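On the provided structure of chain C, position chain S as indicated by the hints.
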Amino acid sequence: MPKITFIEHNGTEHVVEAEIGQTVMEVAIKNNIPGIEAECGGACACATCHVYVEKEWRETTGEPDEMEEDMLDFAFDVRDSSRLSCQIKVSEELDGLVVRVPEKQF
Amino acid sequence: MSPKDTPESGNGGGPVIEAQAVIIGAGPVGLFAVFELGLADIEAHLIDILDKPGGQCAELYPEKPIYDIPGLPIVSGQELTDRLLEQIKPFNPTFHLNERVEALERCEDGRWRLATDAGRQFLTTVVVIAAGGGSFTPKRPPLQGIEDYEGKSVFYSVRRIEDFRDRNILIVGGGDSALDWTLSLQPVAKSIALLHRRDKFRAAPDTVKKMLELTEAGKLNFILGQAMELHGEEGLLEAVTVRTKDGETFRHDCDTVLPFFGLTMKLGPVADWGLNLHENLIPVDTEKFETSEKGVFAVGDINHYPGKLKLILSGFHEAALMAQQAHKYIYPDKELRFEYTTSSSNLQKKLGVR
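Chains C and S supply the protein sequences, listed in that same order. By this note's numbering, the letter at position 57 of the first sequence is numbered 57, and the numbering carries on one by one without gaps. With positions in the second sequence counted from 1, the corresponding number in this note's numbering is that position plus 106.
Extracted from the complex, chain C is given alone in its bound form (with noise of 0.2 angstroms):
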């Protein structure tokens, strides 16, 4: 099972357990990682399930399409490193992905 690694904004590391197909924001609710609402529950709808991913995996996770840029707008402290984690799904490559969780969550 591919391990990912969450950072909370105070640096505590919760390095969790993911299945294939999940995303990483189901991923984050199941193991209660701080930080992390989902209020619309992975509709890409809300922007409160915002991580930054860590650079050396930014070309594995990939770019956010039109519709999760939209909906970054609605995100705090947007960078470049910025993802919607309901919309990164859990793959074999995925495996050790670190992500860091912002300070706040709209």
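Heads up, a few of these hints could be off.
Label-pair ranges, simulated between beta-carbon atoms [what the hints assert, rightly or not]: (1) Asp65/C - Leu318/S: 21 to 31 angstroms; (2) Gly257/S - Asp65/C: 32 to 42 angstroms; (3) Pro248/S - Gly96/C: 22 to 32 angstroms; (4) Ile20/C - Thr392/S: 34 to 44 angstroms; (5) Gly41/C - Arg271/S: 39 to 49 angstroms; (6) Pro176/S - Gly11/C: 40 to 50 angstroms; (7) Val264/S - Glu17/C: 42 to 52 angstroms; (8) Asp65/C - Arg443/S: 53 to 63 angstroms.
Negatives, chain S to chain C, calculated, CB over 10 angstroms [what the hints assert, rightly or not]: (9) Gly216; (10) Arg266; (11) Lys316; (12) Gly401.
Just so you have them, the derived chain C footprint on chain S, three or more residues with Cβ under 8 angstroms [what the hints assert, rightly or not]: (13) 165–175; (14) 300–307.
These are calculated hints, taken from the structure and not from any lab test. The model shown is predicted, which means the values in this text are computed figures rather than measured ones. Idealized CB from N, CA, C, for every residue including glycine.
Relative to chain C, chain S alone:
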């Protein structure tokens, strides 16, 4: 009996609407409640904070598929809304959109008085709370101390354009609200700037074009970046720290900020209605879906009972049982005979198919 406007004036100033049933929330479950009440000869008013029926289905996921509506293997949020509207058409409900119910209190005669933020008042026998996750409210940017500025320097909506005359305005966002208000306020503002994190906009292309023309004409300052900090004293804003895409920060002088970051759901005034909330949900029985208050029902995502599942289909079932009890309150002398729409000429007449 049909609900009617009376000239009697309440403390909101408007006429008091006498109703049999008022449904708070026009999401899928609120809409279906109209149907079930209608079959029981009960006319309904619907109140919703949004400018359209459908609730979350229409606001959050109009184009997203729903797979667990019985009989509809796949249906989008908007299509479900449209079909429900078609289904309740024979019962001709009255919609009151863009309004939020602020107060709910029992009158001496046992009926309920409702007041909305638009000053409208209702006197009704039955209240059905179908408020889902609460009422949609503008998102508040998580900027330190922003609450202190709200109502004085920070506004989430514009009621009167004139209130913004001669102000130094900063509008934040890239959607229709942000751009529409930029265009509308520009003529009265002393200065106006639009702050957005990227040079693409979600707003209508025509609006974007007009905005760019204003920028080129030097009448609008378009800033690429994000708001990070507010500066001012006692609710009076002096400047906003802006961070650009390159990570540089600078102070932008302004006395007014209008942030447009979409909507979020907040429980809102429901919390103040004395309904013994349980973790922000309204406890109900599972026979009538009635709250602790006689005549006030709660259906859909907002209610709670053992085994509750927040599914649209559960809300439909709850609405059906609610209507049975509502009938007892509105027609205490009449018995509601159980019938099927397939075979009952009585129900078919109500549905206008016979």
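Give me the numbers of the hints this structure contradicts, sorted from smallest to largest. Per hint list: zero violations.
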